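*Asks:* Spelled out, the chains give:
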Amino acid sequence: MRVFSIAACAAGLLFAGAPACSRPEPAARTPAAAAATQSFSVYDLGSTWRDQSGATRSLDSFRGRPQVVAMIYTRCTSTCPLAIVELKRLEAATDSSMGLLLVTLDPDADTPQVLAQYAREHGMTGPRWTLLSGSASDVRDLAATLGIRYRRLTPDDIAHSNLLTLLNAQGHVTRQHAGLADDGLISAAQSLASTARTR
Amino acid sequence: MIRLAALALPLLVQIPAGSYRPLYSTAGEARVAVATFRMDRDYVSRRSFAAFVVAHPAWRRDSVRRVFADEGYLANWAGPLDAGTATSPERPVTQVSWFAARAYCAAQGSRLPTVDEWEYVAAASATQRDASSDPAFRQHVLALYATRAARAADAGPVHERNAYGVRDLHGAVWEWTLDFNSVVVGDDSRASGSGANARDNHLYCASAALGATDPSNYPAFLRSAVRAGLTARTTMASLGFRCAA
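Note that the protein sequences, when read in sequence, are chains G and S. The first sequence lines up with residues 1 to 199 when you count with this note's numbering. The second sequence lines up with residues 1 to 245 when you count with this note's numbering.
FYI, nobody ran anything at the bench for these hints, they're computed from the structure. Just so it is clear, the structure is predicted and the values come from calculations on it, not from any experiment. No residue lacks a Cβ here, since even glycine has one placed at the ideal position from N, Cα and C. One or more hints might be untrue.
To be verified - Simulated restraints on C-beta separations:
1. S:Ala75 with G:Gln170: 20 to 28 Å
2. G:Ala109 with S:Asp82: 29 to 37 Å
3. S:Arg31 with G:Ala109: 23 to 31 Å
Could you put together the complete structure from these sequences and hints?
*Replies:* Shown next as structure tokens:
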């Protein structure tokens with residue numbers, strides 16, 4: 001990433017207000033977790049989706065229960081299976097007060113029926129799991145809000161950030177982590193789940 | 001306070017179909033095709049955005065949902081509906097988030113240009129449609145980037161028209177694009193399986209297929225670096241937009 005870094009810093013030095021050096025975005029480049037709770041609720045996006053049962057779900061309907069969120073697509077064979085493994089680790093480390101939410105980056109291909117099949121094949125069944133498909137525009141809105149970058153390279157191939165996001169019960173981002181879930185993410189998820197139980 | 005006169009319709013420039021060489025591309029794809037579209041001749045001005053905010057109060061800075069814009073949204077205005085007298089109302093609106101820019105364009109019946117569309121048009125010099133490999137043009141663009149702040153303080157903009165007839169793509173502000181959050185990879189991740197490259201491969205599905213086509217295109221690297229630092233809520237004093245259709 002040397003070339004990128006040099007360009008980013010040059011942009012920041014040349015132009016007042018450029019964010020590249022002074023305000024790094026965790027989702028864009030940095031594997032380190034973002035620990036500070038954000039001031040906005042992702043659920044205020046107000047979009048409406050379909051879950052793996054075909055039911056209509058507003059983002060607002062997730063209020064009240066913390067969630068671990070990942071954006072994937074079912075034809076992905078490299079990092080997405082790793083994200084599933086991490087979500088299942090988080091499932092095992094927390095109880096039912098923590099929801100597990102997968103949102104497709106490829107809504108044309110990943111219909112509710114495809115997502116239901118994917119969930120069955122990967123053992124992601126039960127009330128804690130939600131898999132969502134929506135419009136391409138709503139997918140981009142959510143990805144852009146969570147700081148997830150993606151780009152379709154071929155009809156079957158989408159490059160994308162491999163990012164896990166923890167949302168508290170109000171939909172505020174409390175932590176993000178790129179790559180494999182570390183102990184910090186797991187303990188943060190346990191803490192959120194614990195908070196949700198005591199309310 | 002800027003008087004909110006009836007707005008003239010924005011002048012859209014017809015952009016013919018063609019192709020350009022993106023900074024990053026997949027292996028074996030040196031050029032990307034761009035279909036014909038229309039692009040605003042000019043950036044969106046403070047005056048035009050003020051009219052939009054009046055008509056759509058949800059986008060006032062004192063009522064916008066925080067998920068749609070960070071705390072800097074329109075913070076450089078004198079008031080929620082007052083784009084200010086200190087700066088010319090014809091200057092580009094800045095401190096607007098991607099959501100706000102997109103909503104503005106939608107209200108005009110248009111949309112934000114994609115990265116490919118924007119870069120395709122931005123490759124044009126005053127005389128050539130594809131001047132991206134012209135060292136003199138690259139140097140000129142870099143000089144524009146480096147002197148924006150000083151020129152913004154001048155009495156008025158000096159409009160620079162490119163070969164398509166689009167103005168001030170480089171000389172005024174950075175501009176939002178619809179898919180600003182496309183994946184970018186800073187160097188060829190196929191080159192190494194260790195160190196930083198290994199981490200990159202870990203972060204991105206399929207990133208091994210992406211590489212920089214022309215590392216000497218420094219202006220394009222700068223634009224890419226700025227986009228890489230943005231989220232949909234980000235606002236900056238040097239970031240505005242124009243619409244496409």
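*Asks:* Confirm or reject each hint.
*Replies:* Going through the hints against the structure:
1. S:Ala75 with G:Gln170: 20 to 28 Å: This hint holds: roughly 25 Å between Cβ atoms.
2. G:Ala109 with S:Asp82: 29 to 37 Å: violated, 48 Å
3. S:Arg31 with G:Ala109: 23 to 31 Å: holds, 27 Å
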